[in-house]
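Numbering-wise (our numbering), the sequence shown opens with residue 13 and increments by one.
Don't read these hints as lab results, they were simulated from the structure. Don't take every hint at face value.
Stated by the list, open to error - Think about it this way: if two alpha-carbon atoms lie no more than 30 Å apart in a straight line, the pair counts; the simulated DSSO-like pairs of lysine-lysine are:
#1 Lys217 with Lys319
#2 Lys160 with Lys171
#3 Lys160 with Lys130
#4 Lys218 with Lys168
#5 Lys319 with Lys296
#6 Lys296 with Lys168
#7 Lys57 with Lys218
#8 Lys296 with Lys218
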Amino acid sequence: MSIVKVITPLLAGLVFAMPVWAELRQFEMTIEEVEMDVAPGFKAKVWAYDGQVPGPLLRVNEGDEVEVTVYNLTTLNHTVHWHGVYQTNTWRSDGVPNVTQLAIQPGDSYTYRFVAEKVGTLWYHCHVNVSEHVGLRGMWGPFIVDPKEPVAIEKKVTKEAILMFSGWNSDVANTYGEGGHPGEIINYFSINGRSFPTTQPLRVKKGDVLRIRLIAATLPVAFHLHGHDMLVTHKDGLPLSNPYPADVVNMGPGERYDVIVEMNNPGLWMTHDHIEHHTTNNGKEHGGSMLVVEYEGIEPDDWYPWKDKPHEADFYYSESM
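Make the full structure from the sequences, and use the hints.
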């Protein structure tokens with residue numbers, strides 16, 4: 013797991029000449045070669061930040077100085093690009109190989125340093141051979157910058173969840189260094205690295221005000237939640253001056269949208285990608301980018317796939333937020 017060190021605001025202001033409300037946030041991450049279960053009967057070899065897909069949640073406050081040391085424990089070169097970060101006067105931390113840095117070679121490390129200026133839902137990913145490393149090998153994770161002055165609707169939120177969407181090619185999943193080519197067929201689709209029914213239920217209570225941070229990591233997405241209205245409040249991290257209701261949220265690769273939902277309709281509800289083949293596992297329904305929203309107190313039928321099964325802790329980062 014990531015190691016986080018925090019220097020007090022007073023000390024940070026004295027030593028690093030930062031504003032008194034800012035902190036120095038120090039993280040350490042590894043890049044590891046891991047085999048992961050994506051769907052029933054389908055495993056993929058990935059390069060994983062801290063050995064997990066998505067990578068660990070890194071969350072800081074606006075104005076914090078961020079320092080992330082990355083250790084490459086794999087056999088190939090990698091970097092970390094901080095997608096959406098301004099990198100004012102810190103362009104060497106943008107993570108683009110042979111432009112802002114040399115790639116991190118096997119066994120080496122690199123330290124990224126920048127100020128968290130831009131707020132909201134951001135993310136990080138490798139920038140070496142992006143089509144394979146990001147598109148097929150799980151090299152991405154969430155990066156959240158909390159604003160000093162949240163907008164009014166953000167203050168009403170009682171629960172958060174992060175959903176990162178991606179695709180997989182089972183033909184090359186077991187061989188590092190293959191895939192990521194034009195015309196490649198993506199035949200598995202996932203939320204936070206898993207395809208239904210291995211995606212975990214998202215548990216809520218009646219009365220929750222749920223903020224869902226949507227990140228289209230590797231492919232287009234048309235996000236839909238049954239039984240509820242969604243209010244789109246943020247685009248690529250920034251608050252919208254005029255939030256708008258949406259039944260489906262369309263996203264291109266790399267885009268982020270935040271939606272806020274009043275959880276006022278108890279039951280078991282499906283949420284899914286409305287691009288038809290994105291709800292399949294190797295062409296078979298029902299699978300892919302789907303999950304179930306479970307209200308507390310609802311007793312599921314015996315045939316329900318997740319009845320009496322243990323849940324994976326923090327699958328949507330809700331406990332971390």
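Hints versus structure:
The hinted pair formed by Lys217 and Lys319 meets the criterion: a straight-line CA distance of about 17 Å does not exceed 30 Å. Restraint check for Lys160 and Lys171: satisfied, since their Cα atoms lie roughly 19 Å apart, inside the 30 Å limit. A threshold of 30 Å between alpha carbons decides the hint, and for Lys160 with Lys130 the separation of about 11 Å falls inside it, so the pair holds. At roughly 14 Å between alpha-carbon atoms, Lys218 and Lys168 fall within 30 Å of each other, so this suggested pair holds.
This hinted pair checks out: Lys319 and Lys296 have alpha carbons roughly 22 Å apart, not beyond 30 Å. Note on Lys296 and Lys168: the hinted pairing is violated, with a Cα-Cα distance of about 40 Å set against a maximum of 30 Å. Only pairs whose Cα atoms come within 30 Å are accepted, and Lys57 paired with Lys218 is rejected, the gap being roughly 39 Å. As the CA atoms of Lys296 and Lys218 are separated by approximately 33 Å, the hinted pair breaks the 30 Å bound.
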